[in-house]
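Asker: Take these sequences, add in the hints, and give me the full structure.
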Amino acid sequence: MIEVVFFASLCEELGSDSVSMDASGITDVGEVIDKLAQEKGARWSELLMRENILVAVNQQMVDQKAAVVDKDEVAFFPPVTGG
1 MIEVVFFASL CEELGSDSVS MDASGITDVG EVIDKLAQEK GARWSELLMR
51 ENILVAVNQQ MVDQKAAVVD KDEVAFFPPV TGG
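With this note's numbering, letter number 77 in the sequence shown gets 77, and the count goes up by one each step, no holes.
Everything labelled a hint here was simulated from the structure, so no lab data went into it.
Please note: incorrect hints may appear among the correct ones.
[To be verified] Estimated spans, in silico, between C-beta atoms of each pair: (1) D22 - S45: 13 to 21 Å; (2) E73 - G25: 15 to 23 Å; (3) A8 - N58: 16 to 24 Å; (4) F77 - M21: 27 to 35 Å; (5) G25 - V80: 17 to 25 Å; (6) S24 - N52: 17 to 25 Å; (7) G25 - P79: 16 to 24 Å; (8) V69 - E12: 28 to 36 Å; (9) N52 - D17: 16 to 24 Å.
Backbone N, C-alpha and C define an ideal beta-carbon position, used for all residues, glycine too.
Answerer: Below, the structure is given as structure tokens:
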């Protein structure tokens, strides 16, 4: 299983803070997004593919081509801003 977590405004936009998915056939972050879109709808892909969305695998910042294996945690979050 791969644990996929969402932070900040993504939780609100997606209506979920996490999803567990079977790791079969998934080799990278892009495929995680593709599978979420298949299971949850195109809106998920639209939100997670936005240019400003940050991605981490096991708490290490990565891009969408980064490898993913069983038991990994993939996190998506918007850029942090302050004020």
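Asker: Does each hint hold? Answer for all of them.
Answerer: Now the hints, each set against the structure:
1. Checked against the hint of 13 to 21 Å, the pair D22 and S45 passes, with Cβ atoms roughly 18 Å apart.
2. Against the hinted window of 15 to 23 Å, the Cβ-Cβ separation of E73 and G25 comes to about 18 Å, which satisfies the hint.
3. The hint said 16 to 24 Å for the Cβ distance between A8 and N58, and at roughly 19 Å that hint holds.
4. Between F77 and M21 the CB atoms are about 18 Å apart, so this pair departs from the stated range of 27 to 35 Å.
5. For G25 paired with V80, a C-beta distance near 32 Å fails the hint of 17 to 25 Å.
6. Distance hint check: the CB atoms of S24 and N52 are about 30 Å apart, inconsistent with the given range 17 to 25 Å.
7. Taking the beta carbon of each, G25 and P79 are about 30 Å apart, not inside 16 to 24 Å as hinted.
8. The hint said 28 to 36 Å for the Cβ distance between V69 and E12, and at roughly 29 Å that hint holds.
9. Distance hint check for N52 and D17: the Cβ-Cβ separation is about 19 Å, which falls inside the suggested range of 16 to 24 Å.
The structure fails hints 4, 5, 6, 7 (numbered hints given earlier, in ascending order).
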